[in-house]
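J.: Please work from the sequences and hints to get the whole structure.
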Amino acid sequence: MKFKKFLLFVPVTFALPLTAISCQKNEMSFAVTTPWDQNFDTSFFEKVVQEYNLILKKDNIKTKVYFEGEKNDIVSKILKGTSDVAFLTASQFNHESNKNEVIPILQTLTRRFNFDNTFTTYKDGSLNDPLRKLAKEAQTLFEEKPFAEWDDKSYGWNGSIYEKFYDSGPNPLTDYYRGVVMIWGNDSTRNAIKKAWDDKDWNSFRNFGIVTNEITSSSKYLLEEALFAKHFNKENNKFTSFALDKQNHSDKYIQNKARNISKGALENYHIVFDELGAFAYTHNIKKGQKLDYYSTCKKEDKIEFLTATEPIKYNIIAVSKQMSERERKALAQAFVNAWKNGDDNYGPRVGYNGYKIINDYKAEVIDPFENIFKGK
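Quick note on numbering: the sequence shown equals residues -20 to -1, 1 to 356 in mature numbering (1 follows the signal peptide of the UniProt record, and there is no 0).
FYI, nobody ran anything at the bench for these hints, they're computed from the structure. Do not take every clue at face value.
With a straight-line Cα cutoff of 20 Å, these simulated PhoX-like cross-link-like pairs (lysine-lysine) come out [as the list claims (entries may be wrong)]:
hint: 1; residue 1: LYS210; residue 2: LYS180
hint: 2; residue 1: LYS174; residue 2: LYS218
hint: 3; residue 1: LYS180; residue 2: LYS243
hint: 4; residue 1: LYS309; residue 2: LYS37
hint: 5; residue 1: LYS174; residue 2: LYS113
hint: 6; residue 1: LYS174; residue 2: LYS103
hint: 7; residue 1: LYS282; residue 2: LYS116
hint: 8; residue 1: LYS180; residue 2: LYS218
hint: 9; residue 1: LYS210; residue 2: LYS243
hint: 10; residue 1: LYS270; residue 2: LYS125
hint: 11; residue 1: LYS175; residue 2: LYS232
hint: 12; residue 1: LYS301; residue 2: LYS320
hint: 13; residue 1: LYS79; residue 2: LYS320
hint: 14; residue 1: LYS354; residue 2: LYS218
hint: 15; residue 1: LYS282; residue 2: LYS174
hint: 16; residue 1: LYS270; residue 2: LYS144
hint: 17; residue 1: LYS174; residue 2: LYS133
hint: 18; residue 1: LYS103; residue 2: LYS354
hint: 19; residue 1: LYS210; residue 2: LYS354
hint: 20; residue 1: LYS175; residue 2: LYS144
T.: Okay, here's the thing in structure tokens:
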């Protein structure tokens, strides 16, 4: 499901004691990302608080919702006690200062791609690596027709996603997403890039030029960085980090949107980072005009998915460690109840399609994150 990579851009937040705030103000407040459609309906959060009141047999807790831009500074609001409940990315929670302040109570879920149904991780980067195979499977579906030729009916555009690429089975939700490393060019260029990858030749690989997103993006920066640190490990030709590599090779990097691959300023950058499956929630029509996203300018050039990255968990909902265990469990159950009752008209507008209670946040949140970034 579209999760507009404020999956990583959801502002950093800390949660203050709900009990203290509730006693003082009889109010539970949420700091949440503004939905794509700019609809400021707060009824879902009101239902959550109603469920919370029922579970704890309270009747005096009210609801306050603050809608924030992707890059707004929510920290000051949280620290002042304006907001009680925090929506965090895995990266934000796993920052050392945050792990000591909050407890994750819920894992958000989203629609599962029909080409990615296993929590596969890096093996050796070869053609038989699960991440290479996953990228190939996604590419096969992607290139059945050129992006501009996708039609809403046969590809199942529902206003947010192309249903063609999503799981419609009995268990259609997932709790993770990934990045993808795309390459483009003619046969000679792509073969040379793949040779550099197979040889673990970082200097040759990087010199083909790399398009990244912002340094805070999980799927379009951090996950690729972690993957490269595992893969390009030869002495005297080792990758450590983009920040370090840019010190002497800044001309080999550019920041832009992956959908603009091969065009304009990107014509000399043949390695492009994107979220795996981003094409599935990118409509190819705007104001009645077909868009030329995910395409090349020359017929001899082609886009190829080189490898997927390892998976990272979607956003979590967290509260202060000072909240009692009874209250944490009640709030988590309240979210799930409201969602299962069909009251969640907020989540689908930011990429959430469900919520799962976290029972062991070390095993469910911390360990998966550290397995990706360990040794980096």
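J.: All the hints need checking, so say for each whether the structure fits it.
T.: Verification of the hints:
| no. | hint | in the structure |
| --- | --- | --- |
| 1 | LYS210 to LYS180 | 10 Å, holds |
| 2 | LYS174 to LYS218 | 17 Å, holds |
| 3 | LYS180 to LYS243 | 27 Å, violated |
| 4 | LYS309 to LYS37 | 14 Å, holds |
| 5 | LYS174 to LYS113 | 14 Å, holds |
| 6 | LYS174 to LYS103 | 17 Å, holds |
| 7 | LYS282 to LYS116 | 14 Å, holds |
| 8 | LYS180 to LYS218 | 8 Å, holds |
| 9 | LYS210 to LYS243 | 30 Å, violated |
| 10 | LYS270 to LYS125 | 14 Å, holds |
| 11 | LYS175 to LYS232 | 18 Å, holds |
| 12 | LYS301 to LYS320 | 27 Å, violated |
| 13 | LYS79 to LYS320 | 29 Å, violated |
| 14 | LYS354 to LYS218 | 16 Å, holds |
| 15 | LYS282 to LYS174 | 14 Å, holds |
| 16 | LYS270 to LYS144 | 19 Å, holds |
| 17 | LYS174 to LYS133 | 36 Å, violated |
| 18 | LYS103 to LYS354 | 15 Å, holds |
| 19 | LYS210 to LYS354 | 9 Å, holds |
| 20 | LYS175 to LYS144 | 33 Å, violated |
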